[in-house]
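Trainee: What follows is each chain in one-letter form.
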Amino acid sequence: MFNKNEKKEVTVNMGKKISRGNYNFLSRELNYQREEGNITPEQFTNMMEQYEKGDKLNFIKIIVTIGAILIGLGILSFVASNWVYINKTLRVLIILVALGLTVFAAYKIENNYKNTSKALLYLSILIYGSGVFLMYQIFNYSEDVIKGFVLWAVGTYAISLIFNDKILFVFSNALLLIYINGSFRENIISYILIFIISFYIAQRDFNYSKEITFVTNLVSLNFILYLLSYFKVNHFFSVALFFCIGIAMYYIKHDFNFEIFSFQGSIVFGISGLFLTSKNIWKELNFIKNGDVISIIFGILFLVYLLYEIKKGELVALIFVCILILRYYFDTLYDFIPKSMFFIIGGCILLGFGYYFEKLRKRRGETND
Amino acid sequence: MIKVMNKRAFKYFLVFLIPSLVLGVMTIRPMAANAFGQNITIRGSALNRRDVFRGDFMQLDYEINEVTLEHLDNEILKYKNENRNFEELKGKSLYITLKKEGSYYVVDKVMLKEPKEGIYLKGRYEYPIWVENKESMEGKINGIRIEYSIDKYFASSKDKNNRDFEKQIIYANLKVYKGYSLLKGIEY
Numbered sequence: 231m232f233n234k235n236e237k238k239e240v241t242v243n244m245g246k247k248i249s250r251g252n253y254n255f256l257s258r259e260l261n262y263q264r265e266e267g268n269i270t271p272e273q274f275t276n277m278m279e280q281y282e283k284g285d286k287l288n289f290i291k292i293i294v295t296i297g298a299i300l301i302g303l304g305i306l307s308f309v310a311s312n313w314v315y316i317n318k319t320l321r322v323l324i325i326l327v328a329l330g331l332t333v334f335a336a337y338k339i340e341n342n343y344k345n346t347s348k349a350l351l352y353l354s355i356l357i358y359g360s361g362v363f364l365m366y367q368i369f370n371y372s373e374d375v376i377k378g379f380v381l382w383a384v385g386t387y388a389i390s391l392i393f394n395d396k397i398l399f400v401f402s403n404a405l406l407l408i409y410i411n412g413s414f415r416e417n418i419i420s421y422i423l424i425f426i427i428s429f430y431i432a433q434r435d436f437n438y439s440k441e442i443t444f445v446t447n448l449v450s451l452n453f454i455l456y457l458l459s460y461f462k463v464n465h466f467f468s469v470a471l472f473f474c475i476g477i478a479m480y481y482i483k484h485d486f487n488f489e490i491f492s493f494q495g496s497i498v499f500g501i502s503g504l505f506l507t508s509k510n511i512w513k514e515l516n517f518i519k520n521g522d523v524i525s526i527i528f529g530i531l532f533l534v535y536l537l538y539e540i541k542k543g544e545l546v547a548l549i550f551v552c553i554l555i556l557r558y559y560f561d562t563l564y565d566f567i568p569k570s571m572f573f574i575i576g577g578c579i580l581l582g583f584g585y586y587f588e589k590l591r592k593r594r595g596e597t598n599d
Numbered sequence: 370m371i372k373v374m375n376k377r378a379f380k381y382f383l384v385f386l387i388p389s390l391v392l393g394v395m396t397i398r399p400m401a402a403n404a405f406g407q408n409i410t411i412r413g414s415a416l417n418r419r420d421v422f423r424g425d426f427m428q429l430d431y432e433i434n435e436v437t438l439e440h441l442d443n444e445i446l447k448y449k450n451e452n453r454n455f456e457e458l459k460g461k462s463l464y465i466t467l468k469k470e471g472s473y474y475v476v477d478k479v480m481l482k483e484p485k486e487g488i489y490l491k492g493r494y495e496y497p498i499w500v501e502n503k504e505s506m507e508g509k510i511n512g513i514r515i516e517y518s519i520d521k522y523f524a525s526s527k528d529k530n531n532r533d534f535e536k537q538i539i540y541a542n543l544k545v546y547k548g549y550s551l552l553k554g555i556e557y
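Just so you know, the sequences run in chain order A and B.
With the first sequence counted from 1, adding 230 to any position gets you the numbering used here.
With the second sequence counted from 1, adding 369 to any position gets you the numbering used here.
One or more of the hints may lead you astray.
Unchecked claim - In the BS3-like style, the derived pairs of lysine-lysine whose C-alpha atoms are separated by at most 27 Å in a straight line are:
#1 B/Lys376 x A/Lys344
#2 A/Lys318 x B/Lys521
#3 B/Lys482 x B/Lys447
#4 A/Lys348 x B/Lys376
#5 B/Lys468 x B/Lys376
#6 A/Lys462 x B/Lys449
#7 A/Lys318 x A/Lys344
#8 B/Lys459 x A/Lys462
#9 A/Lys377 x B/Lys553
#10 B/Lys509 x B/Lys449
#11 A/Lys344 x B/Lys380
#12 A/Lys377 x B/Lys544
#13 B/Lys521 x A/Lys377
As the list claims (entries may be wrong) - Computed Cβ-Cβ distance ranges for the label pairs, DEER-style:
#14 A/Phe488 x B/Phe422: 34 to 42 Å
#15 B/Asp477 x A/Leu306: 45 to 53 Å
#16 B/Asp430 x A/Leu581: 28 to 36 Å
#17 B/Asp430 x A/Phe488: 49 to 57 Å
#18 A/Ile296 x B/Leu390: 54 to 62 Å
#19 B/Gly554 x A/Tyr352: 46 to 54 Å
Stated by the list, open to error - A short list of chain B residues far from chain A (calculated; beta carbon distances all over 12 Å):
#20 Ala402
#21 Asn408
#22 Lys468
#23 Ser472
#24 Leu481
#25 Trp499
#26 Arg514
#27 Glu516
#28 Arg532
#29 Gln537
Please keep in mind that the hints were generated in silico from the structure rather than gathered at the bench.
Treat the numbers as computed from the prediction; the structure is a model and nothing was measured.
Cβ atoms here follow ideal geometry from the backbone N, Cα and C, with glycine treated the same way.
Extracted from the complex, chain A is given alone in its bound form (with noise of 0.2 Å):
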């Protein structure tokens, strides 16, 4: 049995592993606490039995790791190196098997090392895609290889869906990104529709987490300025469009995270409101021959605007302001006066605007509290 009233290693079969360290600390501090009396000798032991003493560093289990490492690279680079020389099945076969050996690694050690087993999960997502793009490689096929982030894209979200991880759901999200930025000719709107339908469903399973709401509502808004583009929308149309729905998203309350709407609302009028201060895309209008009188009205009531709102206390609207002043100041002054005092008043400008905001958001965290 223990002998409770000396500082001895209590070693028991069962309890939650920890490494040497942290269990020697923990020894020691507890044995302090007992002798303080702090705590009784029963509950020393009680704490101690939950805990059990890690491996010791095992000097060989080094040297075997880091020749199975120094292995594995050997032969991957031998694999890179020769990959031009290597028959097709055998290419295809050594990418299923990186693939499996790296899943069933995942599998094994899930219980024991729970963050290695993630990131060869990861890993295995990794050599999926790199698998795709090969296989456009050993087929000599190099039309429509965008068409290969949507083949990553879905096996990606599938498994994510399995795993319930957030990481792979936003790293789906991003590739659907990429997919449609790199389609615009292309006719791709029932795989796109399908796919965000099936995004913002899924939110549910993940409770509406953050990121997840703000990369869906990207991959959506790509997907109507790729609408917009396919069936040649006129620019104006497409800017104010872009304009209202920030707007929208910016006041339209609802239940499903309204801050990232609201966030991401205040961007995109913002950016769209920078672009229709712009005199050329007014003139796309039939009946506005001269952009320059409307542009520069709207600029003043876009001002205005976001000035009232700099007043709410909103930090976005703020931003927007300093960049739609660096905007004019830009546009006027860059030829009129000499380059060293461009930069001068340019730098201050900016200083202003740095100090202006970090007193808005002091006094925002005021009033918060």
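Following the hints, put chain B in place on chain A, whose structure we already have.
Mentor: Positioned in the frame of chain A, the structure of chain B alone reads:
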């Protein structure tokens, strides 16, 4: 307990199965072309290229990439008339039938609809080819450029005798099946 074990193992099995299925499906068309396709040879030239993502490869430019107006179907020629200059043809898929001339194949006809039989390739319209009239200094379209999926070759840039392919006339061996072409190799 066993059920939970199976469920966990099944999850990981799916992580292996789904990507493998996708990769497997990607091999179907090339394999079908390899098994059922017809062997043809076309002429072109090769250049060494390097790409961040794909490493070294050969960029191939074929005779069949540039097609003169006489090979185009009437349907397609409609896109050129009235100074529209093929603008609306941009990005559309075209079907190019090939016929044998000597020991290699050349363009026979280009059409918008898929032919029911014969040797044909699926390509995409890229841009029109202008030719300048030296007397009137006016440009005139005399052909179009078509891109196929076989313009990159990811293998050794030297042939069996170690001669460089670059800047020489090369012959590409393809296996064609229902519009899909599998680039098997290039040689002199």
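Trainee: Next step is simple, just say for each hint if it's right about the structure.
Mentor: Hints, verified against the model:
no., hint, in the structure
1, B/Lys376 x A/Lys344, "17 Å, holds"
2, A/Lys318 x B/Lys521, "16 Å, holds"
3, B/Lys482 x B/Lys447, "15 Å, holds"
4, A/Lys348 x B/Lys376, "17 Å, holds"
5, B/Lys468 x B/Lys376, "57 Å, violated"
6, A/Lys462 x B/Lys449, "20 Å, holds"
7, A/Lys318 x A/Lys344, "36 Å, violated"
8, B/Lys459 x A/Lys462, "13 Å, holds"
9, A/Lys377 x B/Lys553, "22 Å, holds"
10, B/Lys509 x B/Lys449, "11 Å, holds"
11, A/Lys344 x B/Lys380, "15 Å, holds"
12, A/Lys377 x B/Lys544, "22 Å, holds"
13, B/Lys521 x A/Lys377, "17 Å, holds"
14, A/Phe488 x B/Phe422: 34 to 42 Å, "40 Å, holds"
15, B/Asp477 x A/Leu306: 45 to 53 Å, "47 Å, holds"
16, B/Asp430 x A/Leu581: 28 to 36 Å, "55 Å, violated"
17, B/Asp430 x A/Phe488: 49 to 57 Å, "55 Å, holds"
18, A/Ile296 x B/Leu390: 54 to 62 Å, "36 Å, violated"
19, B/Gly554 x A/Tyr352: 46 to 54 Å, "37 Å, violated"
20, Ala402, "9 Å, violated"
21, Asn408, "15 Å, holds"
22, Lys468, "23 Å, holds"
23, Ser472, "22 Å, holds"
24, Leu481, "16 Å, holds"
25, Trp499, "22 Å, holds"
26, Arg514, "14 Å, holds"
27, Glu516, "7 Å, violated"
28, Arg532, "17 Å, holds"
29, Gln537, "19 Å, holds"
Violated hints, in rising order: 5, 7, 16, 18, 19, 20, 27; the structure is consistent with all others.
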